[in-house]
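Asker: Protein chains in written order, with this note's numbering: chain A, 1 to 204; chain B, 1 to 204.
Rather than coming from a laboratory, the hints here were simulated on the basis of the structure.
A portion of the hints provided could be inaccurate.
In this list, chains with the same sequence are indistinguishable; a pair is considered to hold if it fits within one copy or across any two.
Stated by the list, open to error - Only pairs whose alpha carbons sit at most 20 Å apart, straight line, appear in this in silico DMTMM-like list of lysine to aspartate or glutamate:
id, residue 1, residue 2
1, Lys183, Asp118
2, Lys63, Glu108
3, Lys176, Glu43
4, Lys176, Asp65
5, Lys183, Asp160
6, Lys176, Glu69
7, Lys176, Asp118
8, Lys176, Asp123
9, Lys176, Glu19
10, Lys63, Glu181
11, Lys176, Glu116
12, Lys176, Asp100
Number of protein chains: 2
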Amino acid sequence: MTGSRWSAGAAPGRRRGPELERAILDAALEQLSTVGWNALTMEGVAAGARTGKAALYRRWPSKADLVAEVLRAGLPPLGEVPDQGAVRDDLFRLCVRMRDVMHSQAGEALRAVLHECDHAHADRFRAVIWNGVHEPAHHLIRALLRRGIERGDVRPDAVDPLVVDVIPAMLMYRSKVCGSEWKDQEIGDMIDRVMVPMVRADAA
Amino acid sequence: MTGSRWSAGAAPGRRRGPELERAILDAALEQLSTVGWNALTMEGVAAGARTGKAALYRRWPSKADLVAEVLRAGLPPLGEVPDQGAVRDDLFRLCVRMRDVMHSQAGEALRAVLHECDHAHADRFRAVIWNGVHEPAHHLIRALLRRGIERGDVRPDAVDPLVVDVIPAMLMYRSKVCGSEWKDQEIGDMIDRVMVPMVRADAA
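Next up, chain A with everything else stripped away, as it sits in the complex (with noise of 0.2 Å):
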C-alpha cells in the first residue's frame, strides 16, 4: 500500500495538508486492522506513516478521535443503487452492498474494535456504523421501495419507518445472534422469503 509513496525526491518530510494525512489515516487502518483497538498506539501509527507523534496530535487530540475518523473515512460508501426493473433484484443489490461495506477492511475493524474496546468508545464507533451504514440504507430502502410503487410491484403504503427497518435489523440480528457472514444465497433468502412478501403489490 505504501509502494508509490516514497519515490525519488518525494521526501517524508515534504508531506502536507491531505497527502500526509491519507498517509496516517492508512496506516492508523493497517494498525487497526493487525494489533487492534487496545494495542494501537499514536507512536505507533505515526511509525507507520513515517511521520512524528504530533502531527497526528495537532488534528485528533486522542487514539479514539484518530481511530474514528480512519472508520468514517474507510467505510467505503453505500453508492446508489440502479434500477433492475423489480424491487426484489433492488433489494438483493443493496443487502449485498450494505454486507460489503461491514466486511471492508473498514468494516471489518469496526466489528473488531466494537467487540474490544470499552462501553464509553462503542457508543461512539457505533455512531460510525450508524451514519456511515444504517442511515444512508434507510434512505436508499425508502427510495427502493418509492421507485417500486412507482413501478407497480411495491404495495402502495410500504415505505413505513418498520418496513424499512426490517433489512437492517435482520442482517445485525443474524450477525450478532447466529454469527451469519450472510452469503448471497442467504441474503437472497431472505428478500424472497421476508422482504417481497411483506412489500409486494399484489397482496391484498
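Following the hints, complete the assembly by docking chain B onto the known chain A.
Answerer: This is chain B only, laid out in the frame that chain A set:
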C-alpha cells in the same frame, strides 16, 4: 421482599437447600439491580442473604457463575399463547410477553450487566437471553404460524427460519439502535405493518 422470610422461630441458620438457595438468588438479584455487575460482591450477596460466603462458594465457584444463575432463574418464562382466533392477535400477545420478560427485574438486570461487563462475560450472559427468551420465542412463533396455517390466515410456506427471526430481530434492533421501549402501540404497528403483510394467507 425479605419481610416474610424471617418469621419468628425460623433462624437464618436453619435454612437449607432450596430455601437458602432462593434467599441467595433473591439477594444477588437485588444487589445486581441496585449496585450493578462491577460493584456486586460475594460478601455483599452473602450479607444480603444473611448467610456466609462459604454457602455461596459451595454452590457457585465465581461471581459470574452466581450471576448467570440469578439471571437464568430470574427471567420469567415466556409461557404459552392462547389461541385468540387471529394470527395478528397471537403474534401481538407474544411480542408483548417478550417485551415484558425483558423488562422484568431480571431482564433489566441482564441488560444492565451486558452494558457493564467485559466481552468475555458478555458472551455468557447473552446466552442467557438466547436460551431464556429467543429460543423459546422462536419455538412459539413457529407454533403460532402453524396454528395460523391450520386456521387459514397464514400462508402455507410461512414457517421459515428467516420469517421466524423477524420479530426478535426487530425487537433487538429498535431497542439497541433506537433505544425503543416497545410500547404496546409500536408493537401493534410492527405486527400490522410488518408481520401480517408478510405472513397472511390472502397474499398471492
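Asker: For every hint, state whether the structure bears it out.
Answerer: Outcome of the hint check:
Taking the closest pair of Cα atoms, Lys183 and Asp118 never come within 20 Å of each other, the shortest separation being 30 Å inside a single copy and 30 Å across copies. Taking the shortest alpha-carbon separations for Lys63 and Glu108, only the intra-copy value of 18 Å comes in at or below 20 Å, while the best inter-copy value is 33 Å. For the homomeric pair Lys176 and Glu43, neither the shortest alpha-carbon distance inside one copy (33 Å) nor that between copies (35 Å) is at most 20 Å. Taking the closest pair of Cα atoms, Lys176 and Asp65 never come within 20 Å of each other, the shortest separation being 26 Å inside a single copy and 23 Å across copies.
Within a single copy, Lys183 and Asp160 get their C-alpha atoms only as close as 27 Å, which misses the 20 Å cut-off; across copies the closest is 18 Å, which meets it. Proximity of Lys176 to Glu69 under the C-alpha cut-off of 20 Å is found in neither arrangement, the shortest distances being 24 Å within a copy and 23 Å between copies. Taking the closest pair of Cα atoms, Lys176 and Asp118 come within 20 Å of each other both inside a single copy (18 Å) and across two copies (16 Å). Taking the shortest alpha-carbon separations for Lys176 and Asp123, both the intra-copy value of 16 Å and the inter-copy value of 11 Å come in at or below 20 Å.
In this assembly of identical chains, the alpha carbons of Lys176 and Glu19 never lie at most 20 Å apart, being 37 Å within a copy and 38 Å across copies at closest. Taking identical chains as interchangeable, the C-alpha atoms of Lys63 and Glu181 are never at most 20 Å apart, the minima being 30 Å within one chain and 34 Å between chains. Taking the shortest Cα distances, Lys176 and Glu116 sit within 20 Å of each other both inside one copy (15 Å) and across copies (18 Å). Taking the closest pair of Cα atoms, Lys176 and Asp100 come within 20 Å of each other only inside a single copy of the chain (16 Å); across copies the shortest separation is 22 Å, beyond that limit.
Taken one by one, the earlier hints fail for this structure at numbers 1, 3, 4, 6, 9, 10, listed in ascending order.
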